[in-house]
Amino acid sequence: METLQVIWYILIGVLLLGYSILDGFDLGIGVLFPFLAKDETEKRVLLNAIGPFWDGNEVWILTGGGALFAAFPKTYATVFSGFYLALMLVLFALIFRAVSFEFRAHSESGRAFWEWSFIIGSFLPALLYGVALGNVVYGVPLKVINGNIEYAGNFFTLLRPYPLLIGIFGLVMFTMHGATYAALKSEGDLYHRSRKIVLSTWWAFLVLGLLTFIATAFLIPGSLTRFLAWIAAIVAWLGWYLVRSYTIKGMDAAAFYASSLAITGLWGIIGAIHFPNLVRAINDPTLSLTIYNSSSSKLTLSVMLIIALIGMPLVILYTAYIYKWFKGKVRLEEGGY
Amino acid sequence: MDATLLSRIQFGVAAGFHFLFPPTTLGLSLNILILETLYLKRGDEIYRKLSDFLIKILALVFVLGTATGITLEFSFGTNWANYSRVVGDIFGAPLAAEGVFAFFLESMFLGVLVFGRKRVSKKLFWWSSFFVFFGSHLSGLWIIIANSWMQTPAGYKMEGGVAKLTNFFQAAVNHSTVERYLHTIAGGWITGSMLILAIASYYLLKKIHLEEAKVLLQKAFTVFAIVAVLQLFLGHFHSVEVAKYQPEKMAAFEALWQTQEGAPLALFGIPDTSQQKTHLYIGIPKLLSWLIYFDPNAKVKGLNEFPRDEWPYVTGPFISYHLMIIFGLWFIVLALWGWFLGRRKTENKLFLKLLLWSVPLPYLANTFGWMAAEIGRQPWAVYKIIKTKDAASVVVPAGQVAFTLLVFVVIYTLFFFVGLHFLKKIVQKGPAGELTGY
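In the order they appear, the protein sequences are chains C and B. Heads up: the first sequence begins at 1 in our numbering, then just goes up one per residue. Heads up: the second sequence begins at 1 in our numbering, then just goes up one per residue.
The set of hints was computed from the structure by calculation and includes no laboratory data. Among the hints, erroneous ones may be present.
To be verified - In silico EDC-like pairs for lysine to aspartate or glutamate, Cα to Cα no more than 16 Å straight-line:
no.	chain 1	residue 1	chain 2	residue 2
1	B	Lys214	B	Asp44
2	C	Lys298	B	Glu159
3	C	Lys43	C	Asp189
4	C	Lys143	C	Asp284
5	B	Lys425	C	Glu108
6	C	Lys43	C	Glu115
7	B	Lys429	B	Glu212
8	B	Lys429	C	Glu108
9	B	Lys387	B	Glu310
10	B	Lys424	C	Glu108
11	C	Lys329	C	Glu42
12	B	Lys384	B	Glu374
When you get a sec, could you build the whole thing from the sequences and use the hints?
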């Protein structure tokens, strides 16, 4: 039973990692959109660069949410109801973002509106995912109501300095990641602008990474003693370091993979220092929601594991193929891609 | 208003709006698959043109379905936290499985359909259209599994007030899964095909894109006509299932206040729950007994057999159930008439006009069917396991739900009209040119 609970802790981490790497780059492009694209052609290049993929990429978070529901229903219930307004804000952003691509393409008079829906719809989730993560890692006040562990804070509890720091760090991470993807798919001015942004966000990543490290060491008890977190930190550092060298050498695909490696390392750090908690209770450690006190039954976890073992390799296989079919720079004259 | 009632209204708005899109996707993806198959086999460019045209519409419908679908997955946690705690051991799995097996598949391959005509080979493109078809239908299956489990739960046991899974297969293929799935898919095929028929009729009446419209009309009509007739039987089997496993719901559908031998089938009436009678009732004697049990004198359970506090609403389900059936019968009339007309149906103005004006009806039929099923499930969130009043989140204040409900109404109203406007635009451009991405 404990093994299954640990496996599901890791698998949900993997789903969130997949989401951060794949939807991460199209969120990043959304955040950068007003800075990167100077005219309609460049805008279309960026939109078409993510066009075939963004919808599929978003499925990673939906599946992650579904998996959290299925594997740890009590955590899902407490977090989603407790963070009600914050999550609704993310939801509204995602809703506008999802329609913005199609609506912008069909629209003439309302094009600017749908463009800003895309930009803000990317910016808010890119920022707020980190804020949410920062909250569950740092801890939130929890209390028992009718035998259930419930959130005891309010909307503003979520906006404390540490979660905000993680939010900004996440935003920078998605932005750098998006810029590496933009460089990979573009040519000419757009390409040079993308590279410049990769290099400037690279420094921002360093500064925020160090700040986060210091804050985490002080605020999260025992975080420096987790061996796996140090390994993950080396991975994150290596990925981050390589982004710059590959970008300077013009190896754009390698820079994108390096950025993905950095994201992987960061998730590794969080996974290692947060284990076995899902939501830390800041007021009373015994109230923390962990993988042991909030999971589904053994049978459900086993059935879900079979589903994941059959399904996810297939997903990864055809996703890889589809990315391969759309490999290379975006050239608009070739039928819109 | 209390938070639970507001959450119910919000879920109704969100699910009701969402349910406009997936049925359309089901029907469009089937018709696209048929056109792609013809294109692959015969190589005639007209099939490619028509398929590209439908893919454009599908892309629009699909993003609206995605955008509004995320809301529903969120809302089990945000608004229905106690529901999630009580049935999460069973209910979460089909949602996760839908993502893993189906939603990835349809989303990724829809990307190939919209952007890949010149990138991938003809054969791969056909496979992509197949995967979009297969993925959307599999997606529907997992959602129907989740919904059916709320109606006729199985494969679980209660342990400390919480439902625990005992048999995954029994939970998934419970008493109503198969009937509900077939009925819903057929509804989707009718919806998508009717949309196509209306567009083709519009062209024929306006005398534009004549060649394309004729092909489109013939192909989509074949699907429409077969499924419209088939739906009579699928709907019947689903009703028989409801009568067996949720008898009080069937009693509400037919406003059967008292248990009766040789129960009649209601044609018209205004049910009055407080007086437990139906005003202006018109019914066909013994037909209900005959339809359910194949015996005109069989006994059908009335509402009097059930505790008063477990009665479903009667008026809403009664009306919506009957309206759904009336629309279903109308589709059969259209199907038979079209069959009778044969090749001449592309020239019969009245027939074309009726097709055009019937386009909202499958949507209404879907919505009424959904309302009958879900309002008829009350007072239960999950039949005999948890009542709706015990299912809501306790930490979310009513004011916050009222606020988000307002935002949903504004956003969805905007999307409805903007989406409709762009659909009109796509239709007016017609099946010409190629897919050009964003």
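Against the structure, the hints come out as follows:
no., hint, result
1, B:Lys214 / B:Asp44, "15 Å, holds"
2, C:Lys298 / B:Glu159, "14 Å, holds"
3, C:Lys43 / C:Asp189, "12 Å, holds"
4, C:Lys143 / C:Asp284, "9 Å, holds"
5, B:Lys425 / C:Glu108, "11 Å, holds"
6, C:Lys43 / C:Glu115, "10 Å, holds"
7, B:Lys429 / B:Glu212, "13 Å, holds"
8, B:Lys429 / C:Glu108, "14 Å, holds"
9, B:Lys387 / B:Glu310, "9 Å, holds"
10, B:Lys424 / C:Glu108, "14 Å, holds"
11, C:Lys329 / C:Glu42, "12 Å, holds"
12, B:Lys384 / B:Glu374, "14 Å, holds"
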